[in-house]
Amino acid sequence: MKKLMTLSIALLMLCGLFSGCSVSTESTARGVETPAQASQTENEESLDQSVQASAEGRKTISMWFWGANENQKAAFQAALIDVYNSSQNEYELVIEYRNTVDNDIPVALSASSGPDIIYTSGPSFCNVYVTEDKLVDLTPYAEQYGWKDRLLQVYYDACTVDGKLYSVPNSISVGGIFYNKALFQENNWQVPSTLAEMIDIMEEAKSMGLYGGSGGNRGWRPSNDNFSSVMINHFVSPTNLYECLSGNQPFSNPEMLAGVQMMQDWYKAGYLAGNDYTALDSQEAVQLIADKRAAFLMAPTLYIQFAANSFTDNKIDEFGFAPMPNLYAPDKDVYDLTMPCSFAVNTSSKAPDECAKILDIMLSAEFCTTMTEYWPGYWAVPLKDMSGVDDSNMAGMSIKFMEIIKEAVPQINAGNFGYHPSAFFPPVTQDEWRNVDSVWQGVMTPEEFLNAVDKAFAEELEAGLVAPLAKPAV
Amino acid sequence: MKSGNGRIKTLGLHMLTLPAILLSGLVVFAPAVYTFYAAFTDWNGVGKSMNWIGLENFQVLFNDKVFWQALTNNFKWTLIFITIPVVVGMLSAVLLARRSKGRNFFQTVYLIPYVLAPVTNALIWANMIFSPSGGVFGYLRRQGFSVSSPIGDMKTALYGVAFVDMWHYWGFLAIVYLAALRQTPVDQIEAAQIEGVGGWQLFWQVYMPNISPTVKMMFVFIIIYSFLTFDYVYLLTGGGPAHATEMLSTYAYSMAFNTFKFGRAAAVALVMSFFGAIAAFFYTYLSRKEVSE
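For the record, the sequence lines run as chains A and B. If you count the first sequence from 1, you need to add 1 to reach my numbering. If you count the second sequence from 1, you need to add 83 to reach my numbering.
Since the hints were derived computationally from the structure, they do not count as laboratory data. Check before you lean on any hint, since a few could be wrong.
Stated by the list, open to error - Derived EDC-like pairs: lysine to aspartate or glutamate, alpha-carbon spacing no greater than 20 Å straight-line:
| hint | chain 1 | residue 1 | chain 2 | residue 2 |
| --- | --- | --- | --- | --- |
| 1 | A | K269 | B | D236 |
| 2 | A | K316 | A | E404 |
| 3 | A | K182 | A | D292 |
| 4 | A | K358 | A | E91 |
| 5 | B | K131 | A | E133 |
| 6 | B | K148 | A | E448 |
| 7 | A | K293 | A | D314 |
| 8 | A | K456 | B | D125 |
| 9 | A | K269 | A | E448 |
| 10 | A | K407 | A | D318 |
| 11 | A | K385 | A | E404 |
| 12 | B | K131 | A | D134 |
| 13 | B | K148 | A | D455 |
| 14 | A | K182 | A | D163 |
| 15 | A | K456 | B | D236 |
| 16 | A | K385 | A | E408 |
| 17 | B | K148 | A | E449 |
| 18 | A | K60 | A | D354 |
| 19 | A | K316 | A | E205 |
| 20 | A | K407 | A | D391 |
| 21 | A | K333 | A | E205 |
| 22 | A | K293 | A | E187 |
| 23 | A | K472 | A | D163 |
| 24 | A | K149 | A | D138 |
| 25 | A | K456 | B | D147 |
| 26 | A | K269 | A | D334 |
| 27 | A | K74 | A | E367 |
Next comes chain A alone, as it looks inside the complex (with noise of 0.2 Å):
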């Protein structure tokens, strides 16, 4: 009897080991803890849909997005989900919020599984699924539903691979300097037009001890990439970046030379919230304009996100945004570009007819405005004209974004733009534009990083991870 009992115990504790292997990946995505542990993935509300979903027969098309908040969820179902389970009966779409998406979605393509519908950080990301035939291409649906037409040129290009589009991007973000009116007219500054002048005012700025400019990447390195690109993007002409990526020069060129000492130069004199630069997150980046404790911000406009936390009340009409001056145009607005992420459709998802749909509404005007009311700063959907977007409805930092967004296009349209390594570096050469800080602390020299650069780069162009760009006209 004692025998059979034994092997029944270990048959047992046998059988409660493999169980675990029946969980699905919305249940197992509740408790995973990354290395970071900085997950908190919420798909309670996913997992119910997806089983109402399945009670009402509709299949689902499953969806992974970063670890959103109740806005900007809220957000998503009236822009995104409701639209599209309303226009028809068949499906239903399901997003699963993880904070640890950018880690999920590689692991997940390696094992030919994942959501329908691929989050990713930026189309240089995409290139190496594209290799791995793990992403649909989407140009049969960019002709069928005139992607082509209707997105900036220079933003569909960046989402191509050998000409055929792989992925699409969710909005424009320009680069900018941030300040706050309300310190500008008390000390009567005026908006600098050169980098001269705005140098003055962040000395003066210093000389009362305030931050001459704000910034930090506490908590997000790839921060590094916002401040160094709109400061390369206006000490060097994006012409020179264009050759660059398109492989004509090397990147360690003396232009570009002379414009990382100059970022070098600037760090060094606070112009990026000096030594607190690291102990600083975007938030608090912000929130020191808001404070009038700093000059400027040098920030994409996806930094919009996070003054709506912080000019709030009646400190939105302190909120100020302008192009920030360059040396090669000095009469040009220029603005560089990136996209806050982009969106692909998995080779192994079931319905891709649908997902093309599903991303035909986030390339619409209707999407944008719904999205920029509930969630300013990330959804300015890249059209070629703005005219849909009715900003009717909107207040508070939702129109002042949609007002920055507007007078951006027809400046991107005319040429006047420059390249985020986000959105136009691959992905090795983005990593290795990164260890620009390495400049900024005086670890390395200029000539090292950017031929540092240069070697990742030749790597990546010959692999064929290049994407193609559109030619500015400064």
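Starting from the structure of chain A, add chain B where the hints point.
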């Protein structure tokens, strides 16, 4: 020769270990072998193809300044952790061992940082203490003190992060050492006290020989964990500023998920495991030596 009944009993006992063996095999052994193989390939972590490239990954690593920076930081971290929290934990344990009242209360308080999730601890320290904007350091600066956030300065960032992890860890060490101290035979302590032995001599001559296996074990664990350390570095500085706090773990993580060099990241993981294995073998050697003595 075993009887049939004996064989069935032995089989039953072996079956009871099967779940643990299977679990270890699936979750530990198989990925370890896979990682070992991946370290010698150009695997990008997404596709199935893993082309053998021999020692190329290791050659690239050994020529990378950031790798050596990370390795040096791991050694510094190990030196810090085998001294400061060990001394603080031991001192606390000795003081607690002499208390009968309030011991449980202190043990609970000491364990609070340890049981909180690292992300919680990191957020507290980053936002409420280290932040030059809204934290204690920001407040001190506004009061006129010339201080800068420890994690903002290349010279102090590693020690700032290590301080937070030590704050999180020393309480656990204190509890482990306290448990070991309480296992010391009372008659030995009393005999020593009768002989007039007290203070440092009592600790070194009576307590230490009894708790030495525990101390050695925790030493080895500290060394292993020091080469695996990731959470607080990632959460507080991400390896910055300018790689000043880069660890082998954050270096591997960035390599894998930012540049899709999973093969090279696996090579870094092997280096980390190498040092952990040295510590483990050393511990095994010491344990065997003790048993034979």
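Verification of the supplied hints:
1. Annotation: proposed proximity of K269 (chain A) to D236 (chain B) holds, straight-line Cα distance about 13 Å (limit 20 Å).
2. A C-alpha spacing of about 18 Å is found between K316 (chain A) and E404 (chain A), which places the hinted pair at or below 20 Å, so the restraint holds.
3. Distance check on the hinted pair: K182 (chain A) and D292 (chain A) sit about 11 Å apart at the alpha-carbon level, within 20 Å; holds.
4. Of the supplied pair hints, the one linking K358 (chain A) and E91 (chain A) holds, its CA atoms being roughly 13 Å apart against a limit of 20 Å.
5. For the hint linking K131 (chain B) to E133 (chain A), the alpha-carbon distance of about 8 Å falls within 20 Å, and the restraint holds.
6. The hinted pair formed by K148 (chain B) and E448 (chain A) meets the criterion: a straight-line CA distance of about 16 Å does not exceed 20 Å.
7. Between K293 (chain A) and D314 (chain A), the direct Cα distance comes to roughly 16 Å. Compliance with the 20 Å bound is thereby established for this hinted pair.
8. Restraint check for K456 (chain A) and D125 (chain B): the C-alpha separation of about 18 Å stays at or below 20 Å, so the hint holds.
9. Restraint check for K269 (chain A) and E448 (chain A): satisfied, since their Cα atoms lie roughly 18 Å apart, inside the 20 Å limit.
10. Restraint check: the Cα-Cα separation between K407 (chain A) and D318 (chain A) comes to about 19 Å, which is no more than 20 Å; the hinted pair holds.
11. Our distance criterion of 20 Å between C-alpha atoms is met by K385 (chain A) and E404 (chain A), whose separation comes to about 15 Å.
12. For the proposed pair K131 (chain B) and D134 (chain A), the alpha carbon gap of about 11 Å is at most 20 Å, so the pair holds.
13. For the hint linking K148 (chain B) to D455 (chain A), the alpha-carbon distance of about 17 Å falls within 20 Å, and the restraint holds.
14. The hinted pair formed by K182 (chain A) and D163 (chain A) fails the criterion: a straight-line CA distance of about 46 Å is larger than 20 Å.
15. Between K456 (chain A) and D236 (chain B), the direct Cα distance comes to roughly 29 Å. Violation of the 20 Å bound is thereby established for this hinted pair.
16. A C-alpha spacing of about 12 Å is found between K385 (chain A) and E408 (chain A), which places the hinted pair at or below 20 Å, so the restraint holds.
17. Note on K148 (chain B) and E449 (chain A): the hinted pairing holds, with a Cα-Cα distance of about 12 Å set against a maximum of 20 Å.
18. Straight-line distance between C-alpha atoms of K60 (chain A) and D354 (chain A) comes to about 13 Å, which keeps the hinted pair within the 20 Å bound.
19. Between the alpha carbons of K316 (chain A) and E205 (chain A) the distance comes to roughly 23 Å, so the proposed pair goes past 20 Å and is violated.
20. Of the pairs offered as hints, the one joining K407 (chain A) and D391 (chain A) holds, with about 12 Å between alpha carbons and a cut-off of 20 Å not exceeded.
21. At most 20 Å may separate the alpha-carbon atoms for a hinted pair to count; K333 (chain A) and E205 (chain A) exceed this at roughly 26 Å.
22. For the suggested pair K293 (chain A) and E187 (chain A), the alpha carbons sit about 10 Å apart, so the restraint of at most 20 Å is met.
23. The hinted pair formed by K472 (chain A) and D163 (chain A) meets the criterion: a straight-line CA distance of about 17 Å does not exceed 20 Å.
24. With a CA separation close to 14 Å, the supplied pair K149 (chain A) and D138 (chain A) stays within the 20 Å bound.
25. A threshold of 20 Å between alpha carbons decides the hint, and for K456 (chain A) with D147 (chain B) the separation of about 13 Å falls inside it, so the pair holds.
26. Between K269 (chain A) and D334 (chain A), the direct Cα distance comes to roughly 26 Å. Violation of the 20 Å bound is thereby established for this hinted pair.
27. Of the pairs offered as hints, the one joining K74 (chain A) and E367 (chain A) holds, with about 17 Å between alpha carbons and a cut-off of 20 Å not exceeded.
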